[in-house]
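**Q** From first to last, the protein sequence lines are chains C and G.
Residue numbering for the first sequence follows numbering that gives the first Met the number 0, starting at 0 and increasing by one per position.
Residue numbering for the second sequence follows numbering that gives the first Met the number 0, starting at 0 and increasing by one per position.
Think of the hints as simulated: they come from the structure by calculation, not from any bench.
Just so we're clear, the structure is a prediction, and the values are computed from it rather than from any experiment.
Take the hints with a grain of salt, since some may be wrong.
As the list claims (entries may be wrong) - Here are the simulated lysine-lysine pairs, BS3-like style, with alpha carbons at most 25 Å apart:
no.: 1; chain 1: G; residue 1: Lys189; chain 2: G; residue 2: Lys110
no.: 2; chain 1: C; residue 1: Lys7; chain 2: G; residue 2: Lys106
no.: 3; chain 1: G; residue 1: Lys110; chain 2: C; residue 2: Lys276
Said to hold, decoys possible - Residues from chain G that face chain C, not an exhaustive set, calculated with beta carbons under 7 Å:
no.: 4; residue: Leu115
no.: 5; residue: Ala250
no.: 6; residue: Glu251
no.: 7; residue: Ser255
no.: 8; residue: Phe277
no.: 9; residue: Leu278
Said to hold, decoys possible - To give an idea of the chain C side of the interface with chain G (calculated C-beta under 8 Å), a few residues:
no.: 10; residue: Phe14
no.: 11; residue: Ala16
no.: 12; residue: Ile27
no.: 13; residue: Gly198
no.: 14; residue: Leu234
no.: 15; residue: Ser238
no.: 16; residue: Pro242
no.: 17; residue: Ile244
no.: 18; residue: Leu262
Ideal Cβ positions, reconstructed from N, Cα and C, are used throughout, including at glycine.
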Amino acid sequence: MSPRLTQKIAFTVLFLATLLVVLPVAVILAIIVAKGASAISWEFLFSMPRDGMTAGGIFPAILGTLYLVLGAVLFAVPLGVLAAVYLVEYSSDNRFSRLVKLAIVNLAGVPSVVYGLFGLGIFVTFFRFGASILSGSLTLGIMILPVIITSAREALESVPRHFRTVSLSLGASRWQTVRHSVLPHALPGILTGMILGLGRAAGETAPILFTVAAFYLPRLPQSVFDQTMALPYHLYVISTQVPGIAENVRYGTALVLLALVLLLNLAAIVLRYRFRKRKKW
Amino acid sequence: MKPARRRKLKEWLIEKAILLSGVFSVVFVLLIFLFLLREGLSLFRGESVLDFLLGKSWYPISSPPRFGILPLILGSVLVTLGAAAISVPIGIAAALFIAEIAPARLKEALKAGIELLAAIPSVVIGFIGMITLGPWIKNLFNIPTGLTALTGSVTLAFMAMPTIVSIAEDAVTAVPRQYREAAIAMGATKWQTTWRIVARAARPGMVAAVMLGIGRVIGETMAVMMVTGNAAMIPTGMLQPVRTLTATIAAEMGESVQGGAHYAALFAIGIVLFIITFLINGVADLFLHRSRR
């Protein structure tokens, strides 16, 4: 076989493999939209479930997920950004900063269900928060910490070194330099990480299984110490635990969850793309 | 207080807060392990570690209960190997295509697509796997249920691919330009360069990519619970229902009594999972650093 022909065949095979990776996104999206769009209505999005969740809407699950995700981000963003500032701006490459980096890698690799166990052990039981929005948010917050730290680190590292040198040479202190010469330029990147974290927290089920998620609640949560329903858990419940749910309600719930998560991720991708394009250095 | 001193104090406080935030990641890893031990170790007062790891029966609610997790370990291993067999070749091929062959615009689009695949919640993937792939496999092989190890492997392969592709792609892109230029100058075709030079130079990064993909598969919970049928028996083939370590925790925690042996056993499974993923991620990180050098 001539090298040219080999190349042609090889490139075709690689291209087909790539299609196999990317096509499922389109297929999954198409199936869920085709079968779920008919369920989407004002009532479905904004009313309580009725008749053993076979009728009515999924409002408490949507609201619950919003609460959880907001709580997680409120906890994780300040902590994550400061940790990134530590790694990029304050630490030299010593043994401790390497330990921190290794810890972040491992936090990213801990299985989501193990986060659930951890949340159950520490927040629900040890701190006696019970199964509550607080416990669930904190668990999700720790889970998305690596996402936030990694994006913030990349954003900070992309700010050129001489920005700092100039600021320091004008007599600014280290924190003033970080605050006024570095952080503003890293903001879009940090925001991207925050949105990615939001999306990740919105979609996860296993960490909230034992820390907050309720099978069904007749009323909306009143405080951070209440349990709540949540979209991903609701989808799990109605697709495996409760018989007799209409097919389009299941697909409709999947569609709402998928739309929420994908829109957040798309926003992050667009933001990052524009940020990179606009960069002046 | 004078303004200058106040500013100094403020800066001092902020610097301490920043240092503390750095410390927190380490603290969280330690806390996770500590709390798993705290709740899980009580199991080993009545049960030896070996009986737990190598016991062949998992009957947590019979009396006396049996807490042998060998069937669960084998379930996880089987599903993971299946998923790796599918996702590694496809993922590496896609990474080579995206990094070396695709034109710039297509490359951006493909990378965005892969990022979106990574973003799909596992419960949605499980849902789709359960109602489309499951029945299809059931009819194809003419078996009583479509929720099998194979269904789990195929589903999880798609969840491992984004990890494998994006990390392997980084590794391929990081191969120095001169390698390619030298190969082309020697008269090699683009494909020969890609396959014999670039892919080989990127090998440590690819190993890391595969390991992290496998790490993701072992830890995956919801999708695997929804599509593998959850039978806690020692598996003998790909076309049988199996149950994984993760699914066992997720499925049984709700019915266990807090502080009881079953509860402790589920946390002990968590310890096993934590150690496995800790090792995988640690080794993958070593490979990543080697590839960067």
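**Q** Decide, hint by hint, whether the structure agrees.
**A** Status of the hints after comparison with the structure:
1. G:Lys189 to G:Lys110: Roughly 22 Å separates the two Cα atoms, so the pair holds.
2. C:Lys7 to G:Lys106: With Cα atoms ~19 Å apart, lysine 7 of chain C and lysine 106 of chain G stay inside 25 Å; holds.
3. G:Lys110 to C:Lys276: Holds: lysine 110 of chain G and lysine 276 of chain C sit about 17 Å apart, inside 25 Å.
4. Leu115: With a closest approach of 5 Å, the leucine 115 of chain G hint holds.
5. Ala250: This hint is violated: alanine 250 of chain G lies away from chain C, its Cβ roughly 9 Å from the closest one there, beyond 7 Å.
6. Glu251: violated (11 Å)
7. Ser255: violated (10 Å)
8. Phe277: holds (6 Å)
9. Leu278: Constraint on leucine 278 of chain G not satisfied, violated at 10 Å.
10. Phe14: holds (6 Å)
11. Ala16: holds (4 Å)
12. Ile27: OK, holds: isoleucine 27 of chain C within 8 Å of chain G, min 5 Å.
13. Gly198: holds (6 Å)
14. Leu234: With a minimum Cβ separation of about 5 Å from chain G (threshold 8 Å), the hint on leucine 234 of chain C holds.
15. Ser238: Hint on serine 238 of chain C: holds, closest Cβ of chain G at ~5 Å, below 8 Å.
16. Pro242: violated (14 Å)
17. Ile244: violated (12 Å)
18. Leu262: violated (10 Å)
In summary, the structure is inconsistent with hints 5, 6, 7, 9, 16, 17 and 18 from the numbered list given earlier, while agreeing with the others.
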